[in-house]
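Chains A and B supply the protein sequences, listed in that same order.
Numbering-wise (the working numbering), the first sequence opens with residue 1 and increments by one.
Numbering-wise (the working numbering), the second sequence opens with residue 445 and increments by one.
If you're looking for bench data, these hints aren't it; they were derived computationally from the structure.
From the three backbone atoms N, C-alpha and C, an ideal C-beta is built for every residue, glycine too.
Possibly wrong hints are sitting among the right ones.
[Said to hold, decoys possible] No more than 30 Å apart at the CA atoms, straight line, and that leaves these computed lysine-lysine pairs for DSSO-like: (1) Lys466(B) with Lys22(A); (2) Lys118(A) with Lys518(B); (3) Lys466(B) with Lys856(B); (4) Lys639(B) with Lys562(B); (5) Lys639(B) with Lys74(A); (6) Lys639(B) with Lys63(A); (7) Lys507(B) with Lys10(A); (8) Lys518(B) with Lys10(A).
[As the list claims (entries may be wrong)] According to the in silico footprint, chain A covers these stretches of chain B (three or more CB under 8 Å from chain A): (9) 462-475; (10) 515-525.
Spelled out from the first residue to the last, the chains are:
Number of protein chains: 2
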Amino acid sequence: MPKIDARLPKGMRDFLPGEVLKREYVIGVITDVFQTFGFEPIYTPTLEMLETLLGKGGEEADKLLFHAQHPGGKEQLGLRYDLTVPLARYVAMHENDLTMPFRRYHIAPVWRGDRPQKGRYREFFQCDVDIVGVASMAADAEIVSLLTTALGRLGFADFTVHINNRKLLTGIGIHAGVPEAQLGDLYRSVDKLDKIGLDGVKKELTASGIAGDAIGRMMDLLQHREGGLDALRQVRAQLAGVPVALEGIGELEQMVEYLGALGVEESRFTVDLAMVRGLGYYTGPVYETYITKPDNLGSVTGGGRYDELVGMFRGQSLPTTGSSLGIERIIDLLDLLNLYPPELTGTVVQVIVTVFGERTQGASLALANELRAAGIRTEAIMTPRRAIGKQVQYADRKGARLVAFLGEDEIKAGQVKLKRLSDGQEVTVPRAEAAAAARRLLVG
Amino acid sequence: MPKIDARLPKGMRDFLPGEVLKREYVIGVITDVFQTFGFEPIYTPTLEMLETLLGKGGEEADKLLFHAQHPGGKEQLGLRYDLTVPLARYVAMHENDLTMPFRRYHIAPVWRGDRPQKGRYREFFQCDVDIVGVASMAADAEIVSLLTTALGRLGFADFTVHINNRKLLTGIGIHAGVPEAQLGDLYRSVDKLDKIGLDGVKKELTASGIAGDAIGRMMDLLQHREGGLDALRQVRAQLAGVPVALEGIGELEQMVEYLGALGVEESRFTVDLAMVRGLGYYTGPVYETYITKPDNLGSVTGGGRYDELVGMFRGQSLPTTGSSLGIERIIDLLDLLNLYPPELTGTVVQVIVTVFGERTQGASLALANELRAAGIRTEAIMTPRRAIGKQVQYADRKGARLVAFLGEDEIKAGQVKLKRLSDGQEVTVPRAEAAAAARRLLVG
Numbered sequence: 001m002p003k004i005d006a007r008l009p010k011g012m013r014d015f016l017p018g019e020v021l022k023r024e025y026v027i028g029v030i031t032d033v034f035q036t037f038g039f040e041p042i043y044t045p046t047l048e049m050l051e052t053l054l055g056k057g058g059e060e061a062d063k064l065l066f067h068a069q070h071p072g073g074k075e076q077l078g079l080r081y082d083l084t085v086p087l088a089r090y091v092a093m094h095e096n097d098l099t100m101p102f103r104r105y106h107i108a109p110v111w112r113g114d115r116p117q118k119g120r121y122r123e124f125f126q127c128d129v130d131i132v133g134v135a136s137m138a139a140d141a142e143i144v145s146l147l148t149t150a151l152g153r154l155g156f157a158d159f160t161v162h163i164n165n166r167k168l169l170t171g172i173g174i175h176a177g178v179p180e181a182q183l184g185d186l187y188r189s190v191d192k193l194d195k196i197g198l199d200g201v202k203k204e205l206t207a208s209g210i211a212g213d214a215i216g217r218m219m220d221l222l223q224h225r226e227g228g229l230d231a232l233r234q235v236r237a238q239l240a241g242v243p244v245a246l247e248g249i250g251e252l253e254q255m256v257e258y259l260g261a262l263g264v265e266e267s268r269f270t271v272d273l274a275m276v277r278g279l280g281y282y283t284g285p286v287y288e289t290y291i292t293k294p295d296n297l298g299s300v301t302g303g304g305r306y307d308e309l310v311g312m313f314r315g316q317s318l319p320t321t322g323s324s325l326g327i328e329r330i331i332d333l334l335d336l337l338n339l340y341p342p343e344l345t346g347t348v349v350q351v352i353v354t355v356f357g358e359r360t361q362g363a364s365l366a367l368a369n370e371l372r373a374a375g376i377r378t379e380a381i382m383t384p385r386r387a388i389g390k391q392v393q394y395a396d397r398k399g400a401r402l403v404a405f406l407g408e409d410e411i412k413a414g415q416v417k418l419k420r421l422s423d424g425q426e427v428t429v430p431r432a433e434a435a436a437a438a439r440r441l442l443v444g
Numbered sequence: 445m446p447k448i449d450a451r452l453p454k455g456m457r458d459f460l461p462g463e464v465l466k467r468e469y470v471i472g473v474i475t476d477v478f479q480t481f482g483f484e485p486i487y488t489p490t491l492e493m494l495e496t497l498l499g500k501g502g503e504e505a506d507k508l509l510f511h512a513q514h515p516g517g518k519e520q521l522g523l524r525y526d527l528t529v530p531l532a533r534y535v536a537m538h539e540n541d542l543t544m545p546f547r548r549y550h551i552a553p554v555w556r557g558d559r560p561q562k563g564r565y566r567e568f569f570q571c572d573v574d575i576v577g578v579a580s581m582a583a584d585a586e587i588v589s590l591l592t593t594a595l596g597r598l599g600f601a602d603f604t605v606h607i608n609n610r611k612l613l614t615g616i617g618i619h620a621g622v623p624e625a626q627l628g629d630l631y632r633s634v635d636k637l638d639k640i641g642l643d644g645v646k647k648e649l650t651a652s653g654i655a656g657d658a659i660g661r662m663m664d665l666l667q668h669r670e671g672g673l674d675a676l677r678q679v680r681a682q683l684a685g686v687p688v689a690l691e692g693i694g695e696l697e698q699m700v701e702y703l704g705a706l707g708v709e710e711s712r713f714t715v716d717l718a719m720v721r722g723l724g725y726y727t728g729p730v731y732e733t734y735i736t737k738p739d740n741l742g743s744v745t746g747g748g749r750y751d752e753l754v755g756m757f758r759g760q761s762l763p764t765t766g767s768s769l770g771i772e773r774i775i776d777l778l779d780l781l782n783l784y785p786p787e788l789t790g791t792v793v794q795v796i797v798t799v800f801g802e803r804t805q806g807a808s809l810a811l812a813n814e815l816r817a818a819g820i821r822t823e824a825i826m827t828p829r830r831a832i833g834k835q836v837q838y839a840d841r842k843g844a845r846l847v848a849f850l851g852e853d854e855i856k857a858g859q860v861k862l863k864r865l866s867d868g869q870e871v872t873v874p875r876a877e878a879a880a881a882a883r884r885l886l887v888g
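One chain only, chain A, in its complex shape (with noise of 0.2 Å):
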């Protein structure tokens, strides 16, 4: 047989069957919570129209996109590089069939021709929740309870959901004097608050000319950037004058207070002035949940308000807030951080029903017949001339917790013996007790 090179595309993966099912694990949880909620699945086709997936000024995403054509296939086609957009072109097509609000969550692959490095694939799952038709900050509210619901499922201890509003952050910047074309060079360099410290903040906007009294003005609020409800207040009387500040400050005020209705504990969140989010499309609140303990492990979700942008295949905007779950991130702590549920074992398989020889084959497989009927997951060896010894090293290396023996003696006696392999304690009960003695062993 000739042999074929096998090999990935650069940056894609495969998954060995305990990783599936951790994967399946994490996106069980959540898309419990999510239901819960009242939040409906939807499902899309991996290639869309490339004018499609262009459509939201998309040159920075077409530098991105992985383009698809079959031979003789005259439409342009790509792979969705996110969930937003195929959400935007489900509502417009489907809307007569979807009554509003629409609390809908999507999670599903993304494909994005970025350059490869650790932990970052061209293939990686997208997790996002969002209410479609709300203006009201009892939306944005609800998903941040949503969120804390979810990480705390899963086993989160420590972390906090970082509150801020567009609307603040342009009024701030309104107030400081920083003239409109400058507001994206304000937002990038406050947004590495955290890294390079004030000075660093106030170097960086000096440097793309930011006039220096400006620069203070600016300062002076964000000091004050996770006071909490006590911040938001000192930080009104400054912003009096300026109504988009005002406006953003009340959404803030609003949302805490429905956070508090929806049993969101305090130290859940915090107001954070100087929380901006990269994406240039929100609105209104945006909110962002950091691991606290152990420190530096980044964003786990990121999300906020869009309100112009679920719209854009329909002519008419819509209101809509929701997060996206960094899936992939989530995944990798919970195993840095061992949170899995100790059943999770990474085997499927429970039981593993070995075999003596050719003419007890059948026997065997009867065995693992009533072991399935009994609902206990179970494999039988089918190489009936392999040694014993070497059938019970297979059943060890698959991670099964029990070995089923029938040989000929235990057949004539109508007798099976079970072996479980974490303590070695044996039991040997009459045939027709197999499954009831196997659940035994299975939970003790």
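Following the hints, position chain B against chain A.
Frame of chain A; chain B shown alone:
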């Protein structure tokens, strides 16, 4: 806001939430059965190297393949068109991390640039289950046992697995005197037996230049097509001089014995000498499941042993047997036959909490939070100015079962009113008993 045209590529589909829930139910049932049989999940990326996809003599594949590339990318990539080629590549690349035999399942979309037509799509799910590394007929029997279990668990009552063996078919051809170069024509015609009848097959074979006496000898054997083990015995006598035929018959008999051991009822399968299965790569047993009532729904599973394929990237063959479950067809058939469980209502949310005004929005959110904490899937309405009647209409359209009312009066009295939409039953309970009361109404 300028409007961009929202459309899908040809042959691609979105799924509405209710459809996604049905698909996930089917995948869940099948996954559960796979795991009970000790099979493990794998994940492979959507994009493969073009050379991997074209590896197995791929002109046929190349006509269907979606090619992919990102700007600046030098790799020639394509979207997978099946799950077998990725399995072969996976086994070759991860052999050191896998313990043979390897029982894997894989449920994932594949892409083919076929001409779209009713019920045929360019992105569709495949569901494959295979045992890699076992030559014994026990493996083939176990796959059939698994298929009947899965179809039974999905609620199918009337179906039959047709079983044949590629070696026996070859033997019949040799016995009849059909030249090896024409065996392909032979199989293609015999495959149509159900559609065109014995006479039709005869006519086709004559047209393709196969000698009349060869056709006659073949027809003699095919008469026994569904006679089960008795037929096998008769055919064995006629084929006594053809070793490959005897080998095939021996394998069939062994497989039938193991099916018995595995508790597969005799009514569930039939040895069918005229069942061919299209694909050229089968080397031993082949098996295909037909729904028998109602008639003419076609096959829902197809598979067999293909010992030469999975080894193609490692230069050494690996005995493998397995099956595809036609999951897209199964999903459609469950609708057609009304087999979805009644609790699968097509909607996620169970309770809608209405809101009487902005002042009580917080109280409504708090109630929603309590119901969620009790595991009840709950949505809170966030449009306080909408009339309560409209809110109840919304709950009805969403398919919620209960509506909760928390007006100023209820709040003052420390109560909540719950209404079941199906029969209009209402209860007013103390606030602290809301979750318990909701649960009672939901099961009632």
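- Task: Would you list, in rising numerical order, the hints stated earlier that this structure does not obey?
- Result: 3, 5, 6
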